[in-house]
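Sequence lines, in order, name chains A and B.
The opening residue of the first sequence carries number 1 in full-length UniProt numbering; numbering runs sequentially from there.
The opening residue of the second sequence carries number 1 in full-length UniProt numbering; numbering runs sequentially from there.
Derived from the structure by calculation, the hints contain no laboratory data.
There may be inaccurate statements among the hints.
Stated by the list, open to error - Simulated pairs of lysine to aspartate or glutamate, DMTMM-like, Cα-Cα distance not exceeding 25 Å:
| id | chain 1 | residue 1 | chain 2 | residue 2 |
| --- | --- | --- | --- | --- |
| 1 | B | K1098 | A | E103 |
| 2 | B | K335 | A | E152 |
| 3 | A | K29 | B | E538 |
| 4 | B | K492 | B | D412 |
| 5 | A | K214 | B | E1109 |
| 6 | A | K26 | B | E400 |
| 7 | B | K155 | B | D44 |
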Amino acid sequence: MNSNAPSSSSGATGSADSSGPRRNSKRPKYSRFTQQELPACKPILTPRWVISAFMLVSIVFIPIGLASLFASRDVVEIIDRYETDCIPQALRNDKVKYIQGPEDKTCNRTLRVPKHMKQPIYVYYQLDNFYQNHRRYVKSRSDKQLKDPKSENDVSSCKPEDTTPGSNQIVPCGLIAWSMFNDTYSFSRNSEQLPLNKKGISWKSDRQHKFGKKVFPKNFQNGTLIGGAHLNSSIPLSEQEDLIVWMRTAALPTFRKLYGKIEVDLQANEIIQVQLKNYYNTYSFNGKKKLVLSTTSWLGGKNDFIGIAYLSVGGLCFVLAMAFTIIYLVKPRRLGDPSYLSWNRNP
Amino acid sequence: MRGGMGKGIHFSKLYTFSCFRSKFEDEHGQLGQRGYSRIVFCNDPDNPEAVQLKYRGNYVSTTKYTALNFIPKSLFEQFRRVANLYFLVVACVSFSPLAPYTAVSVLAPLLMVIGATMAKEGVEDWRRRKQDIEANNRKVEVYGKNHVFNETRWKNLRVGDLVKIYKDEYFPADLLLLSSSYEDGICYVETMNLDGETNLKLKHALDETASLRDVRSFQNFKSTIKCEDPNEHLYSFVGTLYYGGQHHPLSLQQILLRDSKLRNTDYIYGVVVFTGHDTKVMQNATDPPSKRSRIERRMDKIIYILFSTLILISLTGSMFFGVDTKNDIRGGELKRWYLRPDKTTVFFDPKRASLAAFFHFLTGLMLYGYLIPISLYVSIEVVKVLQSIFINQDRDMYYEETDKPARARTSDLNEELGQVDTILSDKTGTLTCNSMEFVKCSIAGVAYGRGMTEVERALAKRKRSRPHEVTDSSSDLPECNDHVVDSGKPVKGFNFRDERVTNGNWVNEPHSDLIQKFFRVLAICHTAIPDVRKESGEISYEAESPDEAAFVIAARELGFEFFERTQTSISLHELDHESGRKVNRSYTLLHVLEFSSARKRMSVIVKNAENQLLLLCKGADSVMFERLSKDGRLFLAKTMDHLNKYAEAGLRTLVVAYRELSEQEYKSWEEEFLPAKTSVSAARDALIDAACDKIERDLILLGVTAVEDKLQKGVPECIDKLSKAGIKIWVLTGDKMETAINIGHACSLLTKGMKQIVITLDSPDISDLEKQGDKEAIQKASRESIAKQIGEAKAQIIARKESSVTFGLIIDGMSLDFALTKSLESSFLEVAVNCASVICCRSSPKQKARVTKLVKVGTGKTTLAIGDGANDVGMLQEADIGVGISGVEGMQAVMSSDFAIAQFRFLERLLLVHGHWCYRRITMMICYFFYKNITFGFTLFWFEAHASFSGQPAYNDWYMSFYNVFFTSLPVIALGVFDQDVSARLCLKHPLLYQEGVQNILFTWHRILSWMLNGVISSMIIFFFITNSIVNQAFRRDGHLVDYEVLGVTMYTCVVWAVNCQMALSINYFTWIQHFFIWGSIAFWYTFLVIYGALPLKVSTTAYQVFVEACAPSPFYWLATLLVVVSTLLPYFAYRSFQTRFKPMYHDIIQRRRSEGSEAEVSAELPVRVKEKIDHLKERLKHRES
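The following block holds chain B by itself, in its conformation from the complex (with noise of 0.2 Å):
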């Protein structure tokens, strides 16, 4: 592709001249019609038809409110929500005289509820906010009237604006390039903010406009753009280009998008196409899949359940207030007088009673409103945003190599964290270190390098020790990134030490020439850019695959130094052999042969100094060796064993090959190639892949490389753990079936007890059939083969179902694809969860995805997926949870991710101690919610009932409105902050009790009702023995009686008592923060009381002077609260008792074993904490010599 013979010939007319020509009519057939009705007057926005055009400016704004709409945005997202809507509802029905209260104190809670939402969610779009004005007031250049290129923000940019872009800067819109620095309007672009990908993409301006290279020559520069409208499809461009009285069609090649970032070019001119909002990249920015929580959906179902209790009770209330009214009057007599029922108003009239009910229902709805927590939704939300602070604060799971901390992107799912039931993870960058390091190669049938691999060292072990105790192998695996290198500094991505070869030995080995050969296609075919830093000298490189670096690398530090790279040549630094000087040899790039999955092979044709024609080409085993040539096999046997060997010890393998071509031969294939190459047609990757077929043949064999993808660390023990914790992990990975077979080994979870079952399309009836080519036959065969296999797989399990065997499930990329159809994916998920831990190779993003929806559907169970890579995005949005690896493969998945970490090590301590902490708190702090509430509301109803339903309240409107704001609601949220069973530790030590979460044992239904359940019976128990106790009788020496404003200050304390200890009983963890929001809550209380109660008559009503006069004084009311205090806490108290006793639940266990066996666990652990100490010394000791 980078061609172009000699000066006279400029590569871009190679390409694009003839490209389209033929095409043009039918391709461009579509330009001002719908969809495609987009015309821009370059260079001329001023344009009096430009004007009318009315296309949006360059500001952008990704707020989800605008200062105008904030209000009554925000508000109608709050009234989504049916709680608070009822809430709304009922407050503005309490302004009617149906209330049982003060409209204020229904308002007041409501206002203060929905305020602090609101402004969580401004605070949010503030920052949002911010952002946006940095991007909108960057500099750009424009070229203005005055024939000169000013200065100006984005926002100011217009379509058809000429800009000058330069070197590192981001594109502020959709640009159509016109020329660049270089001479031919090629430029580099990084997409990795568009896509996730970090190697660079080549751009090309038109033959016609990129000699467009001078300020000077734009004065006169007119032009009109026709092309699509506005649309999210990143990978395609259509439209024409009117310049010099011709139409030009324009491609994706043309194009820059904004937010891609231009790179190894100085500057270039373009024109703004798209502007703002109508961008690509804004246009493909959807919102991401909002999830929720499991616990979440069944609180809905709960807060349904509350919803029918109030409409039952309140049913059941007016019905008996229905047919008391009634018989007030009775043939004409009033019975009881005293309420007037001859004078009144229609709520409370027997000749209506019936209406007079129906309201009273609508009275009842509002009164037992307090059964549904108006705080609980603010609440938990408060809670998940301070536990979220709690993951991006924790130490243990900072990264110190790269400074990342752990991110919780979203505070929705933390409690879903503690529930997870299978695992998905990606291979490449999130198992391993993604950095890729060249250990070995086999040249002429001698294999070199002499390093141990992660992988071989693990298998060494596994070898001799027990298949179980990998765990300990901890200490011997290095970290990623630390290189033991025996002399010299160590190199990133370079990992071979054999003094045969380095330093430049190589010349004395037996095939040096092939050696140099080998390493020359190292260093010449890939697509790298080498990047020199000017001071120190250094070349390092922009490669597009980590393996690919590492070639040019390791060819760098044998001698075959790759420093230049321009369109038409790459220049190395080359070890002389025989002088033993640095030379600079230069080699004509004349064709790139690219790679693609399908060919699975590179090839650059070149040129070199003494005008040999050479192909260059590295591939995979299964495509090359069919490839050499009969005189190129002669290594062949020598290097297969090699080659096996290296991929059995978990390596990445290439075939390095090369040949010599004729003039004449390079001639009539360039004569086939280039019309292919030019071709617009849907055909045009086949007749490419044909041209290429035809000139990658009989290669000579030089041998082939060997690059390891490093293990992370602690990845071994984390899945050990893991798995441990009953968590199912699968790996769904891009690569080859032996290397993923081999990394499963290497990372315990593929263990050699294990049965493992392969499913494979890599049979040979299946290819004997792709050799005759009839498609539909393979797809017959292949889904018959599949069935039978997932069959036989099912026989399988099932026979060994009473044995202890375990299975592991591998299948492949194209099995898969069969696997996942309607009428196969039950029984394929069947298989799948039954194996202990399952292995998807060569799987693409979208089957990466499908799996996840398969099993998150298919098992219904919390499924999250870890990954790294652009190619990981569908699986992080499907899974209920997606966890991004922030590490080098740019931040697109972190980007999409619910929770990003730096090592995957990290999910162990995210899962196990954050997740289960997480389920715990939301789950006893929601349960204790509806408790608090239904224990409250009750008592409530127990007073209608003896107030002959008429909806009169038992307490002082305020004290009913800040029961949920100040009473009752910091302790619990402080319980579901910082409650811990067991501490971080434990957590850790006893993976199982992670199970609690996963079979959801802390919110089952059965759980859930008897909470609900003690809350009736604590409101009894307050309501039927302060009445029994206090009421009747004078209730102090001086011979009072207790009144409905004792009655309700008392029934109150108790509860707010109740309610509050019940809080202390059920927590596991004291700290002062406990103890002060639960201790304090009731202070408050009494506090409130006194002061409440000493204000003027006019605002404390009922409640006025009513503590400090009557109750405080009164022994009864005193040991009353206490009686009804212990006595509702009896029930709850009992039941645990029995519990831990009988039927302890699992922390219950770990809780008693930590307290009662202190003693014998800290002699235990002490050599631990010893060990960790000498191996920290040892480390530091590291550190200090190197």
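Chain A with its partners taken away, still in its complex shape (with noise of 0.2 Å):
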């Protein structure tokens, strides 16, 4: 290496300054930016670097998933799989005929409260291998319809459930209104009804913008197949709540709905008897069924799996800072080691 490398560099830009502006001269301007010479910060992977980046993201990382741990831990949950259970025994060999047939579909259930329960505990219902995402489903709606009244013949995305056989247009029009889930859930403690809020659990957009207050249900669930629920033709679109969470379809084929609010606590050890009606044929597909209640945390409800993961995270960059920390400690390499300064000229 010689030390003379920016000797010619230098010499340009010397000579410039000694011989001022020359006119209609092509000499380039000088800026920083032409010139390639921004300020940077050209920041470069040095083991201090490396090791309190390491650092910096296990010291955030743990106690992120401590603290959503803990809030998971917090959570109450009661699942409960009632999808064969609620079909007599005699009758599971077809349960896809059971739930086609006429037979009394009340099915009664008992849930022990774990744990104090807060209000407000959450009602879902849970559905599994239900491709609420298959192109077909998510694409057989019609939004125009939803919410404008004059809209109704806007069912052409709806197909095959656009109009009845008669040719009148249905409202809501589409698979996902069509097949709507019509299991329906009541609860009691010692034998008293407990309330059950079904208002307000879908999206408050959803509410008011996209299903129209002056859209009524017509010509709904009439035609030869029945897919899932009915609808009460006298209540506007935008306060059907179950139709509106049902319609904001899934991400997953296994996915929970809410189904309504409990607005008061419940004890630990608690009974709760649930009266349901299995109408919603999940069978045909082998889906499951699974009634849940909930309670939330500041987080949300019960995922242990962030906490893990947060956890898993910042141990690993732990570790890894300890490791090099150690590398770095025990062999402590000379930077610009005159032995990595070769290069292998004739690969």
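Dock the two chains into a complex; use the hints.
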């Protein structure tokens, strides 16, 4: 390496200063931008940097992980899978036949509260193996029709649930509305009915802007094949919250949807009686049905995953930080170790 | 040639009258046949027959497009790219129900990308159009019906028009020269635009038409030209002129080509023969070969890989989809009844599941199309254009003397600059200044001239110091044009210092008569043309070669001022050595026996005022010494000694001699010479040579001239730096072997410790054979000799492989011819590649191109050719990168180059800094591009896997289409334009860093695939962490759940964050621009979410209010984002940490040295800066004194 490497560069700039601006010179004008000399920070991975980055991540992540884990532990959740239990023992060989049959579908379930549950207690139903995110399904709706009574005829995207056999437009049209979930639950404690609040279970924007206040169900579930729930045709869509919740399609084939809220506290070891009507056919596609009662924490529902994930990433970073520290302490390498500075000339 | 005995004899008569007559029939027999059917009615373009021929007008258009075809043609150009075509097909199909998203959302980005590229094309074409308009509207004088010359525009010229062209004007079309301001119808033409040669060429009108010099004489001028059809041969023309009831044959001598310039002639008259696109220069205009960089070629392969991946995952998806769909009805029972499989369309029909699967495959191709970055090409183009602006703007590559900055003439090859393995360099004008300086001479056995040459100094230096410390000499090497002359002002081309000769002192030297003769030869024996400036009386010269100019200047400076050349005479202002006064002396010029590479000499035959006939001759020593007479060898031994010394010092030498002719001798010779001169057969040259040979004998030696071809400033340092960077340098030159070797030494290409391998045919056996003249035997012997020499060289190299001896290969042109034959090619290449430097001397332009091709194809590595002259054009076009030196030798090399720089030394910065940066930027950018698109595309795929592969995209249509355009594209462009791993100073300080590009270690398959794998991992982390952490339970305090819309937003947020942070991690250079783009992109995503979500439901569909209402208030959303982003960055960060610790790349080490050792470095550098400052001050002081 010689010492006059930048001679050409500094020589040129130097002489420019002396000669001053020349007329019509093609000399590029100087700016730090065009000469690519903008002030810049040039981060590089020095051991100190690496270790502190890893440490920082672990310092941030481990407390978050712990906090979310505690939050998740605070949540009390009761899950009751009932799709098989709610079919009489004798009919379990052909569940599809049972569910499509005219029998009484009432089913009584008993839930024990494991811990004190503070209100509000959210009631969910959980379906499994139900592809609400199927392309055919997702597209089978008409947002115009849902919102605007004048757009009743806008059913082209709803096939085959667009019109009744008599060519009357169905409101709300489409597969989503047609296949609406129709199991019902009612809760009682010590043979005293627990009030279930079904208001406010949908998104506010949905109620106000997606579903019209003047749109009423029409010709709904009049076809030969009955899909799911029936709708009260005297209530406008914007108030049919079960429909609104159902129409907001789920992301994955296993999903929960909000059914209602119980707005009283439940004490530990209390017994809750659930009377449910098992109408909905998940048996054709082997789907599970679950009833979920859950409180929420500041974070939301019960989920240990995020806490564990935070802890493990934080832990991993801690281990890496330690490993680097040890490497650095045991075998510190001088920067620009000359042994690195050779280049394999003939690869 | 420029003969003429007295008044009566017309020079041109000697030349043309009998010239073609005898051969006329067979030479021009083809006229009228195919390819020779053009008929021009001179001065009669309105002739009905002429109108019928419908020759093209003189309107010229060099644009690629016209207003009409711009849209279709440029669209066609665009869709020749596979990726663009794919996106077009996707856009078309997306109007069908197959599409997973709306058609507009895929069309919009495509239109943007195509529109941007088309706009660029349009602007470029507009520039060309402006040039055309300028050319088409130039003025020219045309002979009109009113029998006067009227001004008109170039574009209005028609075939047959009679035009008048004035001095220093360009010819508007290919013209037939009728007459000129000179009596005998000659004119001078400069053809720089055609072949880059700056010397003047002589054209002659036919004797019959030369008298048409008066406007009135054209009133009745009518004639017909029959000639060849338009073709691209610049050096041939076949035609006849029917005039005055006779056919006169025409040759190239009468044709003036468009784009050449009239010089030294007041005006000419001519007839338009070819117009517009029929002209030879336009016929010659071929598109330069389009070059594509290695990186781009590999990028295509990656695109193919991505296409295969795309097809593969679509196939997987459609298989699963087919199975799922088929199972929807089993045994007449509806399984997923909510999809109504009983009443469905063909796309979801369980009964036709395979067809549905096929259609789904097409849907999949569209959906996963995000794997292929739509904006990649356009981004790369934008980046490259910006990069070349930086190259153009670099002040360190600006050359003050000629006011020329560096020019990137194409932006396609920027990154290729970082991968150059071999540089093939021209010598003259590239390594050297191409300004010849007369420095020494030896007259009558006495050496004159005291100056030290550059090479001598370098040699002396080398003798004194150790061989490797060449670079320190920089301060001693003065700048090219920095003439230090003892007294008086510096004269360009003259650096002769010897008080014995200057200021007329030569009169007192012992052989003053010989000295006088010597300088007379220099003043008379040349083809230069003087140009007297009227105001100052100063004389400058236009010469064919800079050597010649140096001679004439030297003669002028020493009192033999050549000031006038007419057709028949040469006049000098001469210092009379008796009276000491200036007298005019005129020499009648009888013949010029021109220089050719075969003859290696030129002579003139003149008659002086005393009626003595003299033959003055100068030429190469190899041919001259054997032509000396017995009496003329008086000083031979001493002169030869001087000559060798001069050659050693790297000077170009010529031997000067003369002889006196007797009248009779001359007459008899002329009788022989004239027929030879005027014959037109193929043997003409041979006949002339033979004739010349007869008279150029029995010469009397006068002395030797020595001209220095100065090295450019900084060349040795630059070459040293480049070879430290591991770049091999080959010099291809037309020079003599000795000169080439000397230059090689001077510019540190050859070092003392180097073992030189010389391959040459200059051996006694071969020359013996040559004397016998048996061509076949020579061929055979030569081939064998070369094969043997190459074999020996190979053995030598193998034998010394272990030791650290480096080799230098020197080969001459003749040998090269044999070495480049099929059988020897590969072994020659093997030898050459194993040598540290290679010098090919005496090589022709064609050989240069062939060598370039051999290296390019043979080694498969990137080659860079650098040259300045028209003879380098082939080499520049053949090489992967052509760099033109915008020097003195015309613009030809620059016009066919990819990059133009003013000085060789700028190559160092161009390669080591810009090349390295561009290579790094482009490779990083491409890798990153694939990373970001794979990350995005694969999240779609994972979602598909959870949506029964039905083709439902995970995101809103517009999120997807804006991904490549807004949320991720600007940071990557900033990376491509601004990123620097190390600063320019460190790039130059550590030239080895350049090897990263040569060995292509930033773009190995390993690296590319690692980035892709990183993309897949990132996508997995994003999808699975998100789905596991936020789906399935309330994600907010109010018990709301994540649905399709929220999941989309959350995942997309993570993708945008992850991809942009990955960028932030992988770049090394954060200016405010990077910060602005990276964090701006992320901020823009949130802004977009808010604005888009606030639009009416009809527009925003599934994005309506999602962010504001659902996501933003949820702690889970933010926590999940943080978790996912950090997790996606971990693999890369950990990998890099380990890599920089255990297996650091070269730039890592330099970076670390910079940051940690900054203190040590500063102290080491300070003296350098101080020294520079002092140097600079010294320089200024010198300026002020002078």
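inquiry  = For a C-alpha distance cap of 25 Å, please report whether K214 of chain A and E1109 of chain B respect it.
reply    = Roughly 24 Å separates the two Cα atoms, so the pair holds.
ask   = Given the hinted pair K335 of chain B and E152 of chain A, is their alpha-carbon gap at most 25 Å?
value = violated, 31 Å
inquiry  = Check the hint pairing K155 of chain B with D44 of chain B against an upper bound of 25 Å on the C-alpha distance.
reply    = Given pair K155 of chain B, D44 of chain B holds - Cα atoms ~18 Å apart, limit 25 Å.
request  = Could you grab the alpha-carbon distance between K1098 of chain B and E103 of chain A and see if it respects the 25 Å cut-off?
outcome  = violated, 44 Å
inquiry  = Does D412 of chain B sit within 25 Å of K492 of chain B, going by the straight-line distance between their CA atoms?
reply    = violated, 39 Å
inquiry  = Checking one constraint from the list: CA of K26 of chain A to CA of E400 of chain B, max 25 Å. Satisfied?
reply    = holds, 9 Å
ask   = Holds or violated: K29 of chain A with E538 of chain B, Cα cutoff 25 Å?
value = violated, 36 Å
Hints 1, 2, 3 and 4 from the list above are not met by this structure, while the remaining hints are.
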